[in-house]
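Engineer: Going down the list, the sequences are from chains V and Y. Under the numbering used here, residues 1 to 252 are what the first sequence spells out, in order. Under the numbering used here, residues 1001 to 1429 are what the second sequence spells out, in order.
Careful: at least some of the hints might be erroneous.
[Stated by the list, open to error] Just a sample of chain Y residues kept apart from chain V, beta carbon distances all over 10 angstroms, derived:
| hint | residue |
| --- | --- |
| 1 | Glu1026 |
| 2 | Asp1361 |
| 3 | Thr1370 |
[Claimed, not checked] The calculated SDA-like cross-link candidates involving lysine to any residue, where the alpha carbons are at most 20 angstroms apart (straight line), are:
| hint | chain 1 | residue 1 | chain 2 | residue 2 |
| --- | --- | --- | --- | --- |
| 4 | V | Lys141 | Y | Asp1411 |
| 5 | V | Lys10 | V | Ser43 |
| 6 | Y | Lys1337 | V | Ser43 |
| 7 | V | Lys141 | Y | Ala1414 |
| 8 | Y | Lys1326 | Y | Glu1241 |
| 9 | V | Lys110 | Y | Pro1389 |
| 10 | V | Lys110 | Y | Ala1422 |
| 11 | V | Lys110 | Y | Thr1425 |
| 12 | V | Lys141 | Y | Gly1418 |
| 13 | V | Lys141 | Y | Ala1413 |
| 14 | V | Lys141 | Y | Asp1402 |
| 15 | V | Lys110 | Y | Asp1393 |
| 16 | V | Lys110 | Y | Thr1388 |
| 17 | V | Lys131 | V | Phe148 |
| 18 | V | Lys110 | Y | Arg1427 |
| 19 | V | Lys110 | Y | Arg1224 |
| 20 | Y | Lys1337 | V | Asp23 |
Calculated from the structure, these hints are not laboratory results. A virtual CB, placed ideally from N, CA and C, is assigned to each residue, including glycine.
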Amino acid sequence: MLKINNLHVKLEEEDKRILKGVDLEVPAGKVHAIMGPNGSGKSTLSYVLSGRDGYEVTEGDATLDGEELLDMEPEERAAAGLFLAFQYPVEIPGVGNMTFLRTAVNAQRKARGEEEMSAADFLKFVRAKAKDLKIDADMLKRPVNVGFSGGEKKRNEILQMAMLEPKMCILDETDSGLDVDAMKLVSEGVNALRDEGRSFLVITHYQRLLDHIKPDVVHIMAAGRIVKSGGPELALEVENNGYADILAEIDA
Amino acid sequence: MSTAVKTQAGQISADARPASGAWAAEARTDAASRLAAMGLPTRRDEYWKWTRPDSLISAAPATAEVFDNQGEPLVFHEIDRLKLVFVDGVFDADASDDLEGEGLEIERLSTASEKDIHWAKDLYGVLETAGQTPVQSPLAVYNSAMATDGVVVRVTGKPTRPVSLIYRHEDSASDVILHHVIKVEEGATLTLLENGAAAARFNQVTEVDVAKGAEFHHVRAQGRDHDRQAITHIFARVDAEATFKSFTMTVNGKLTRNECVIDIIGDDAVAHIAGAALGDGAENEFHHDDTVFITHDAVACESRQVFKKVLKNGAKGVFQGKILVKPDAQKTDGYQKSQSLLLDDDASFQAKPELEIYADDVICSHGSTTGAIDEEALFYLRSRGVPTPIATDLLVLAFLADAIEEIEDEDIAAEVTGRLDAWLTRRRG
Chain V
1 MLKINNLHVK LEEEDKRILK GVDLEVPAGK VHAIMGPNGS GKSTLSYVLS
51 GRDGYEVTEG DATLDGEELL DMEPEERAAA GLFLAFQYPV EIPGVGNMTF
101 LRTAVNAQRK ARGEEEMSAA DFLKFVRAKA KDLKIDADML KRPVNVGFSG
151 GEKKRNEILQ MAMLEPKMCI LDETDSGLDV DAMKLVSEGV NALRDEGRSF
201 LVITHYQRLL DHIKPDVVHI MAAGRIVKSG GPELALEVEN NGYADILAEI
251 DA
Chain Y
1001 MSTAVKTQAG QISADARPAS GAWAAEARTD AASRLAAMGL PTRRDEYWKW
1051 TRPDSLISAA PATAEVFDNQ GEPLVFHEID RLKLVFVDGV FDADASDDLE
1101 GEGLEIERLS TASEKDIHWA KDLYGVLETA GQTPVQSPLA VYNSAMATDG
1151 VVVRVTGKPT RPVSLIYRHE DSASDVILHH VIKVEEGATL TLLENGAAAA
1201 RFNQVTEVDV AKGAEFHHVR AQGRDHDRQA ITHIFARVDA EATFKSFTMT
1251 VNGKLTRNEC VIDIIGDDAV AHIAGAALGD GAENEFHHDD TVFITHDAVA
1301 CESRQVFKKV LKNGAKGVFQ GKILVKPDAQ KTDGYQKSQS LLLDDDASFQ
1351 AKPELEIYAD DVICSHGSTT GAIDEEALFY LRSRGVPTPI ATDLLVLAFL
1401 ADAIEEIEDE DIAAEVTGRL DAWLTRRRG
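Using the sequences plus the hints, can you model the full thing?
Structural biologist: Put into structure tokens, the structure is as follows:
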């Protein structure tokens, strides 16, 4: 599904290298987690994959189902099936959440050469998905993320994911700012989307999210590279001992 | 005293005034002499620094191509309303509805001016004269002297449907001067709609007297005619516990200057004026100027100015707005917001927000900003698969939203939003 090969990235504006040769492959239907200390490049990886400005790829590539991702515009990546759940979902005053969702769903359908969804079908679709995530009608009417609590913003991200049905989902610290109940709700939303044709890359600091969203593989990222990969037990090791031991082991 | 205006060659003059009844003739003569004393605007005038008056004061207007709207229904076409149609500034009785409605008196200006005693006598040119302070508006004075047509509307009840002034432009050289007078009597309510290309060059004055406890709602659509050169003036007097609300959407237009002078004279009154303008200078020039003066001369009144402009490809926006709070106007709540969204580096916006406050117990503020599209929001939308042009238009509509929110009637507000959306979509092609 997602293949990242020797990816090197620096900031566009300054001579600061952030990713220094990331290699990663997430097969279809799998959930991979990336953990790592602050500043290791986790969020940068998610932004570069989704096409945010401000970064320069100096080496390497990334493909989604064989398609070169890094040449595409962000909207093309989305239409190709990539989805990033933002760590800090953006507030857009003046744009109703429902308008936003409908515009996004129909833009992607159009890009894929499918019929746009009728207003009635869309309404039915969004209501069903919203109900699962305990998103009420009021949240759908309000401007995108404006005045939403931390938990509401993250649920809204998962709602978008559920509506857009991407094949590759990147979750950037979706657990940050969530209480236990909200984390459970969000995780259930993610788990409901797990499917053999859909892959997940879950970026997190903490093992606790991975109690709810069980990963197949856990990667440790440090200093702009994947330094260690293993099974779910690797996350437990981090939780118990921190990153120091693992990093020391690698340096040695 | 001579009433002849000393005019310069090649400029408009108020010498040859239209024939009218006695009181109107007197008002016109008075206006002509005021104009003689004042002179036409020049670029040296403080409030004409950013908008060149030249094309508005030249003896003959530049020709304006009659706009082909390619069958698009006119704005407000789905709103049930009483229609009054002007074709190149001439009232068209056949195309208009009957001049009557429940709680309404409507007459042509010419008919009203021939009656010896008429309520319009106490307003025609009177509110305009009062509105020459704090800042002179010579082209409104010129209008009072020279207006060729218009309607006078008196509202005594709460008509069930809006009065709708519909302008049609058929003559590429028409030079139109319209003057409307509106009196909303105590406790009465009127919604006034205006739309349509009016003329090659258009000078309009609307005098509005909103009596105690009355409500006046005004929604105007300017566009999509490209060659328009227009100067419009609203002079409003707002009495105690009354509500005055005016919203204008503007699309295209070589030169549009909308002036509004509001005098709040009674306690606990509310006056809101708002505008949303979309300007793209790619094919035609676009220059849009909102010049607004609100005077608070009563206690505990609220005023709002909410002006939004979206500009690109060399389009120019101007905002000049003032809140004047007189010494006795305690508990005034005044807010002025003028914002522009510049979609590229070629567009420009100039703003002069002014507060002049002589009372000590007031809340008054202003916010004038110029900005670009929010890149974070744009990326967020794109990351969801929304292509940049559609995402940009969504953000443009969002930017205009709080001006549109000033329209109280939901159906009319929806019509305005729908039009702006449709026009943006059309431009995307």
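Engineer: Next, verify each hint and record whether it holds.
Structural biologist: These are the hints, each one checked on the structure:
The beta carbon of Glu1026 (chain Y) is kept farther than 10 angstroms from every beta carbon of chain V, the shortest such distance being approximately 50 angstroms. Distance to chain V confirms Asp1361 (chain Y) as a non-interface residue, since its nearest Cβ pair spans about 32 angstroms, more than 10 angstroms. Residue-level check passed: Thr1370 (chain Y) sits 18 angstroms from the nearest beta carbon of chain V, beyond 10 angstroms. Of the supplied pair hints, the one linking Lys141 (chain V) and Asp1411 (chain Y) holds, its CA atoms being roughly 18 angstroms apart against a limit of 20 angstroms.
For the hint linking Lys10 (chain V) to Ser43 (chain V), the alpha-carbon distance of about 13 angstroms falls within 20 angstroms, and the restraint holds. A hinted pair counts as satisfied when its Cα atoms are at most 20 angstroms apart, and Lys1337 (chain Y) with Ser43 (chain V) does not qualify at roughly 37 angstroms. The hinted pair formed by Lys141 (chain V) and Ala1414 (chain Y) meets the criterion: a straight-line CA distance of about 15 angstroms does not exceed 20 angstroms. Annotation: proposed proximity of Lys1326 (chain Y) to Glu1241 (chain Y) holds, straight-line Cα distance about 18 angstroms (limit 20 angstroms).
At most 20 angstroms may separate the alpha-carbon atoms for a hinted pair to count; Lys110 (chain V) and Pro1389 (chain Y) meet this at roughly 14 angstroms. For the given pair, Lys110 (chain V) sits about 19 angstroms from Ala1422 (chain Y) by alpha-carbon distance, which is consistent with the 20 angstroms threshold. As the CA atoms of Lys110 (chain V) and Thr1425 (chain Y) are separated by approximately 16 angstroms, the hinted pair is consistent with the 20 angstroms bound. With a C-alpha separation of about 17 angstroms, the suggested pairing of Lys141 (chain V) with Gly1418 (chain Y) holds against the 20 angstroms cut-off.
Restraint check for Lys141 (chain V) and Ala1413 (chain Y): satisfied, since their Cα atoms lie roughly 17 angstroms apart, inside the 20 angstroms limit. For the suggested pair Lys141 (chain V) and Asp1402 (chain Y), the alpha carbons sit about 16 angstroms apart, so the restraint of at most 20 angstroms is met. For the hint linking Lys110 (chain V) to Asp1393 (chain Y), the alpha-carbon distance of about 17 angstroms falls within 20 angstroms, and the restraint holds. The suggested pairing of Lys110 (chain V) with Thr1388 (chain Y) holds, with an alpha-carbon distance near 14 angstroms, which does not exceed 20 angstroms.
In summary, the hint linking Lys131 (chain V) to Phe148 (chain V) is supported, as the alpha carbons are separated by about 17 angstroms, within the 20 angstroms threshold. With a C-alpha separation of about 19 angstroms, the suggested pair Lys110 (chain V) and Arg1427 (chain Y) falls inside the 20 angstroms cut-off, and the hint holds. Restraint check: the Cα-Cα separation between Lys110 (chain V) and Arg1224 (chain Y) comes to about 29 angstroms, which exceeds 20 angstroms; the hinted pair is violated. Only pairs whose Cα atoms come within 20 angstroms are accepted, and Lys1337 (chain Y) paired with Asp23 (chain V) is rejected, the gap being roughly 51 angstroms.
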